[in-house]
Amino acid sequence: MYKVFLSLLKRDLRLAFRHKSEILNPLFFFVIVVTLFPLGISPDKQILAEIGPGIIWVAALLASMLSLESLFRSDFDDGTLELMLLSEYPLSIMVLAKIVVHWLITGFPIIIFSPLLGTVMFLNDDAIITLMITLLLGTPILSLIGAIGMALVVALKRGGMLLSLLVLPLYIPVLIFSSNAVGSSMAGLSISGQLYFLAAFMVFCLTLAPIATSAALRISLE
Amino acid sequence: MKAIMKWIYHLASPKHFYRIAGKLIPWFGWIAAILLIAGSIDGLFIAPVDYQQGDSYRIIFIHVPAAWMSMFIYMVMATSGAIALIWKIKLADVIASSSAPIGAAFTFLALVTGSIWGKPMWGAWWVWDARLTSELILLFLYLGYMALESAIEDPRSAARACAILAIVGVVNIPIIHYSVEWWNTLHQGATVTKLDKPSIHISMLIPLMLMAFGFKLYYVAAVLSRARNKVLITEQNSSWVKEVVALESGAKNV
Chain Y
1 MYKVFLSLLK
11 RDLRLAFRHK
21 SEILNPLFFF
31 VIVVTLFPLG
41 ISPDKQILAE
51 IGPGIIWVAA
61 LLASMLSLES
71 LFRSDFDDGT
81 LELMLLSEYP
91 LSIMVLAKIV
101 VHWLITGFPI
111 IIFSPLLGTV
121 MFLNDDAIIT
131 LMITLLLGTP
141 ILSLIGAIGM
151 ALVVALKRGG
161 MLLSLLVLPL
171 YIPVLIFSSN
181 AVGSSMAGLS
191 ISGQLYFLAA
201 FMVFCLTLAP
211 IATSAALRIS
221 LE
Chain C
1001 MKAIMKWIYH
1011 LASPKHFYRI
1021 AGKLIPWFGW
1031 IAAILLIAGS
1041 IDGLFIAPVD
1051 YQQGDSYRII
1061 FIHVPAAWMS
1071 MFIYMVMATS
1081 GAIALIWKIK
1091 LADVIASSSA
1101 PIGAAFTFLA
1111 LVTGSIWGKP
1121 MWGAWWVWDA
1131 RLTSELILLF
1141 LYLGYMALES
1151 AIEDPRSAAR
1161 ACAILAIVGV
1171 VNIPIIHYSV
1181 EWWNTLHQGA
1191 TVTKLDKPSI
1201 HISMLIPLML
1211 MAFGFKLYYV
1221 AAVLSRARNK
1231 VLITEQNSSW
1241 VKEVVALESG
1251 AKNV
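Quick note, the sequences are listed as chains Y and C, same order. 1 is the number of the first residue of the first sequence in the working numbering; add one for each residue after it. 1001 is the number of the first residue of the second sequence in the working numbering; add one for each residue after it.
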């Protein structure tokens, strides 16, 4: 079982590195969206520091959601997904491997780039570290919940808009706790409560989301 | 146990459902109408004026039951979705998908009345307070459910995909609710759900309860008649539907 997980992980990572745009596009999207806000609102240091945490998190949320297509789309189109359903190994393990890859190619680069954007939005050092921690805990949740939504719409021709309708309401708790944690650490307040919540929610999703995703895949492909 | 399951399957067969629901709808509908009229008269004219909010508080007699219904109906959708997935009872799918527009309508009603109530209370049409925001997110969940249902062409797999979505939603609703609550605690505290001693006076509680039960029975009547139509559409090729249609169109021609 572990072997299946690893070999699928390797295969999907290799595929992702052969299409570099799959890794770079969400990242560029993330950076561009954040850049739009100072242009649209004001370059004022105080305003940006106040709205920065929320904006960076909303941008991360959208970047992760828009890249969900890469999770199942190509495997669905060439029939690989159908073979995975037929295989003797548990589908949820294979789904988990795909979700991990999705996080590695979208969530992880965002975490690496976030200090840069935090600096641009005039967050202080504490807040930038908190931003990275919340992204580390939060972006896996985005990939896990997003996988359920993607599995439901994978067989539809125009699933993109629908996917955002399904998934964005479920992302709200992550947004609330993460951006609040970053804001609080700007103000020098304690943030352990928010981080505990994010960690708990991540473990919760890690346990249940692969099962829900594989159930949804079975329905989409029947 | 086996006999009970057999009886349930028998009752849940489309043909029997169509017949029994047809008989039940008028009962639920009329009792709902009576309760709603009584509750409105009691709430609008008889219940005493609130010493702080004046007459404008009277909108709670619609707002609060509608908000209750919005959550109740989502629970019904998730439960019947689970029943349909586990025991493969087709009728449960029909109930779930017929409930969605009614639930969305109640959620919308709760939002509109909440914002009308908010105007004299807070001086603004919209305030980002915890409960209104949760209700808005609930409306988004309903809209997503309906969008998914209409996007999948095959009704069978649409119903099953929607069942998964409803179950995922129902697991998330408490998490969303408490995170929104935590995010903002501006609204006045809960007044009815306190079990030990309700902080609402009995003269206001009676019309509220009348309206709540009226809404609930109205929902049953509405969902049964929607489900009846859906059953006719999905079973349109079976012989009993043709009989029903022949009978009813024959009655009209005479």
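Source of the hints: derived by calculation from the structure; they are not laboratory data. Hints are not guaranteed to be accurate.
[As the list claims (entries may be wrong)] Examples of chain C residues lying across from chain Y (beta carbon under 10 Å, computed):
hint	residue
1	LEU1085
2	TRP1087
3	TRP1125
4	PRO1155
5	ARG1156
6	ALA1163
For clarity, every value in this text was computed on a predicted model and none was experimentally measured. Where a beta carbon is used, it is the ideal one built from N, C-alpha and C, also for glycine.
Exercise. Is the hint on TRP1125/C kept, meaning its closest Cβ partner in chain Y is under 10 Å away?
Worked result: violated, 22 Å
Exercise. Holds or violated: is there a CB of chain Y closer than 10 Å to the CB of ALA1163/C?
Worked result: Interface hint status for ALA1163/C: holds (9 Å vs cutoff 10 Å).
For this session: Tell me if LEU1085/C is really an interface residue toward chain Y, meaning its C-beta lies closer than 10 Å to one of theirs.
Result: holds, 8 Å
For this session: Would you check whether TRP1087/C satisfies its interface hint, that is, whether its CB is within less than 10 Å of any CB in chain Y?
Result: Where the cut-off is 10 Å and the nearest Cβ of chain Y is about 16 Å from TRP1087/C, the hint is violated.
Exercise. Taking the least C-beta to C-beta distance, is ARG1156/C closer than 10 Å to chain Y?
Worked result: Since the shortest Cβ distance to chain Y is 9 Å, the answer is holds.
For this session: Double-check PRO1155/C for me: the hint is only fine if its C-beta lies closer than 10 Å to a C-beta in chain Y.
Result: violated, 13 Å
When the structure is compared with the earlier hints, violations turn up for hints 2, 3 and 4 and for no others.
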